Structures are given as C-alpha cells and as structure tokens.
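Based on the sequences and whatever the hints tell you, model everything.
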Amino acid sequence: LCAVRYTGVAGAAFRQEQHRRTLPPGQEETVTMTVTYAEYQPHVGDQDALKLTVAGAIKETGQVLAKELLVRLHTPELTLTLLGPAVVGQEVPIQVVFQNPLPEALSGASLRMEGAGIACPKPVSL
1 LCAVRYTGVA GAAFRQEQHR RTLPPGQEET VTMTVTYAEY QPHVGDQDAL
51 KLTVAGAIKE TGQVLAKELL VRLHTPELTL TLLGPAVVGQ EVPIQVVFQN
101 PLPEALSGAS LRMEGAGIAC PKPVSL
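1 is the number of the first residue of the sequence shown in UniProt numbering; add one for each residue after it.
None of the hints are false.
FRET-style restraints, in silico, Cβ to Cβ: (1) A116 to Q47: 20 to 30 Å; (2) G84 to R5: 41 to 51 Å; (3) T81 to T53: 41 to 51 Å; (4) K51 to V87: 45 to 55 Å; (5) G26 to A55: 17 to 27 Å; (6) Q16 to T75: 24 to 34 Å; (7) P42 to E17: 14 to 24 Å.
Keep in mind that the hints were calculated from the coordinates and are not lab data. Computed from a predicted model, the values in this text were never measured in an experiment. Each residue gets a CB set at the ideal place from its N, CA and C atoms; glycine is no exception.
This is the structure in structure tokens:
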C-alpha cells in the first residue's frame, strides 16, 4: 500500500502484508484489510490517492497474478445556501457549512470567497 501523488508518482510502500493460503478446487476466499486514517495520513497530501497492489503466485504452475486498485480519497463538501434575496447593488447573505470528517481538530482553516462583483477575493478565518 502506498500513496500516489496527483501527478501519478507513487511514494514508498508504507504497509505490506503476506498471506499464504491453500485453496480447494472451485473455492474462493476473501481477505480483508482495514487501513486507518492514522496509518495513511502521514503519507498523503491534497488530491493524493492510495494504491493497493496485490500479487499472487500459483505454486503448482508458477503463474503470477497481479492487480492494482487506485483509491481516490474524497474531500468533504462545502454546502452553500443563499439566506436572502439576491438583489443587484445589495449584500447577499450566504451560509457556508463544512463538517470536519477527521478524528482531529482543524486549526488555522480559512475560506476564500470569490465571485462576480467581488473586487478581490475575501479570506474568512474559521
């Protein structure tokens, strides 16, 4: 398991597991893996993804199987709500809602408001 930058460059693997199984004919087996936020957080940045690579070898035939899965981490959404009428030449009240999905406090966060009629972007500290 490794992080993949938005540019496509993969970082060093930060987790590896090895499982050996004997599988009877016609049977399938499921192996689950849970990756905690605390485990992947130090390795990912903005717009990064996680790449899981699974490789298997069949002892009897020497055949090698491999599969990769790229997991995009979803960023939380901002909800914008117009709180009053939008009238030309008047201020328009807008509510912005953001819920912190992380198991840790966010500090130093700010929003940057941009739009038609706003001479320069207005940063708003949270």
